[in-house]
Amino acid sequence: MRFNMIYEANDIEHRLAKPNPSWTTNAQVERMNRTSKEVTVKRCVMRSTSS
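Residues in the sequence shown are numbered from 4 upward in steps of one, following the numbering used here.
In case anyone wonders, no lab produced these hints; they're calculated from the structure. Just so you know, not all the hints are guaranteed correct.
Here are the in silico distance ranges between beta carbons for each label pair [claimed, not checked]:
#: 1; residue 1: N7; residue 2: S39; range: 17 to 25 Å
#: 2; residue 1: R50; residue 2: P22; range: 19 to 27 Å
#: 3; residue 1: V48; residue 2: K21; range: 33 to 41 Å
#: 4; residue 1: P22; residue 2: R46; range: 20 to 28 Å
#: 5; residue 1: K21; residue 2: C47; range: 18 to 26 Å
#: 6; residue 1: F6; residue 2: S39; range: 14 to 22 Å
#: 7; residue 1: L19; residue 2: V48; range: 27 to 35 Å
#: 8; residue 1: Y10; residue 2: E33; range: 14 to 22 Å
#: 9; residue 1: R5; residue 2: T38; range: 23 to 31 Å
#: 10; residue 1: K40; residue 2: A20; range: 16 to 24 Å
#: 11; residue 1: S53; residue 2: N29; range: 35 to 43 Å
#: 12; residue 1: H17; residue 2: T52; range: 14 to 22 Å
#: 13; residue 1: R5; residue 2: N29; range: 36 to 44 Å
All C-beta atoms, glycine included, are put in the ideal place defined by N, C-alpha and C.
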């Protein structure tokens, strides 16, 4: 599988979230991922418009 090759090449450990018991933790992680993505996109846009 292509994802496994990418994970191995970048030394990333792929983990799956546990069902039901950890939904709040998973939601927190997903929110942090969303925030990080928004900040990254905003920085890229600002850099491209400031040139």
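The hints, checked one at a time:
1. N7 with S39: 17 to 25 Å: This hint holds: roughly 24 Å between Cβ atoms.
2. R50 with P22: 19 to 27 Å: violated, 40 Å
3. V48 with K21: 33 to 41 Å: Since V48 and K21 have Cβ atoms about 36 Å apart, the given range 33 to 41 Å holds.
4. P22 with R46: 20 to 28 Å: violated, 35 Å
5. K21 with C47: 18 to 26 Å: About 34 Å separates the Cβ atoms of K21 and C47, which means 18 to 26 Å is violated.
6. F6 with S39: 14 to 22 Å: For S39 against F6, whose Cβ atoms are near 20 Å apart, the range 14 to 22 Å holds.
7. L19 with V48: 27 to 35 Å: The hinted range 27 to 35 Å holds for L19 and V48, with Cβ atoms some 33 Å apart.
8. Y10 with E33: 14 to 22 Å: Holds - the Cβ-Cβ distance for Y10 and E33, about 19 Å, lies within 14 to 22 Å.
9. R5 with T38: 23 to 31 Å: Distance hint for R5, T38 holds at roughly 27 Å.
10. K40 with A20: 16 to 24 Å: holds, 18 Å
11. S53 with N29: 35 to 43 Å: holds, 36 Å
12. H17 with T52: 14 to 22 Å: At roughly 36 Å between Cβ atoms, T52 and H17 fall outside 14 to 22 Å, so the hint is violated.
13. R5 with N29: 36 to 44 Å: Because 24 Å falls outside the window, the suggested range is violated.
Of the numbered hints listed earlier, those contradicted by the structure are 2, 4, 5, 12, 13.
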